[in-house]
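> One-letter residues, chain by chain:
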Amino acid sequence: MKTADLIRALAADSEVHPMPPGRALALALIPGVAIAVGLHFAVLGLRPHLLTLLGEPRLLFKLCLTFLLAALSGALVARIASPGGCIRHITLLLAIVPALLAAANLAELLAVPAAEWGQRLVGSNAIFCLKSIPFLAAAPLVAALLALRQGAPEHPAIAGAAAGLFAGAIGAALYATHCPDDSPLFVAAWYTLAIGFVVAIGAAAGRRLLRW
Amino acid sequence: MRAGNAGDADSYRRLLLQLTPVLRAVARRGLASAGMADTDAEDVVQETLLAIHLKRQSWDEDAPIGPWLRAIARHKMIDTLRRRGRRIDLPIDDFAEVLAGGESEPSMLVADVDRHLDCLPAGQRNVVRAIAVDGASISEAAARLSMTNGAVRVALHRGLAALAAKFNGEGT
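Protein chains in written order, with my numbering: chain A, 5 to 216; chain B, -17 to 154.
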């Protein structure tokens, strides 16, 4: 087939309108997040007295931080689907999240006597946290990967990792409304580990699924 | 491109035709700098055109199109080099002679697309052939193959997507 022939076929196919990646992501997330929220209420449930505890600074920080991470990594996923796009700014903005977490950890270490550090770090249900965040992240991860397949990410593994970060952040934000451990020490250790696990799965899946 | 995304097939076709010589030059330069025979260049051009077409929605209409096109062309070039790297390609022709050929399309048929086309299911293959090689319009192809216009559109789109996937699957 000559190139001019191929172009004729491509032009004939131009009446189909594929969806832009940002809209594909938003559309895929509706069922993805709905499933995650459904599983959250069915299996985990909200923490008792969540609303009355909202004034508690540690809980508030934990919730805000996970939501911030979800928002920023969501913007990153939407952008990474377009080749040639600039992701430097959003990646730099993402660095705010670990910086805030580090600052909160420092404050916690200053506020709490050293004898309590270990107990705050290990918390009451670390293993449960490690299992729950990937569990809640599964449906959003599938949704984000499916949406990215509509786009053309230049680096499939990195795009998959970004999808994993986004899904992990959604899982963490949901889990944060259940988890009774509010210390930034706990968040830094276990949330990070759980999200990192989802990132690794996303990268491995992206390497296979996001090639084009 | 904006017109093409809005469904204006004619301007879209003109755009792709204008892009082709540029893509061809880029492909030749890329293959030459990797020390490979540039007989593969037309394959790279066709693969890149397929990717531009199938991924055209990933271009943000408010952003300049140059970086987007460059990124796609680069991606396909790297893809090809990685794949061809596993084969041994010895340029037989005198290199200078090939370069003197300029940017015109080689008259020989491009092996890869045709080979991949042969692997498609018969329905998709017939539709792609009728429209690409015989120059039929959607409705002419529909009449000739006694299919509905909608079925021809679907078969064409699936066939093109399958062609791109075949390029991709090669060597993995």
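Simulated from the structure, these hints should not be mistaken for lab results.
Built from N, CA and C at the ideal position, the CB exists for glycine as well.
Treat the hints with care, as some may be off.
To be verified - Stretch by stretch, here's where chain A covers chain B in the computed footprint (C-beta under 8 Å, at least three residues): (1) 18 to 25; (2) 29 to 42; (3) 51 to 62; (4) 99 to 108; (5) 128 to 140.
> Under the constraints set out in the numbered hints, which ones does this structure not fulfil?
Numbers 1, 4, in rising order.
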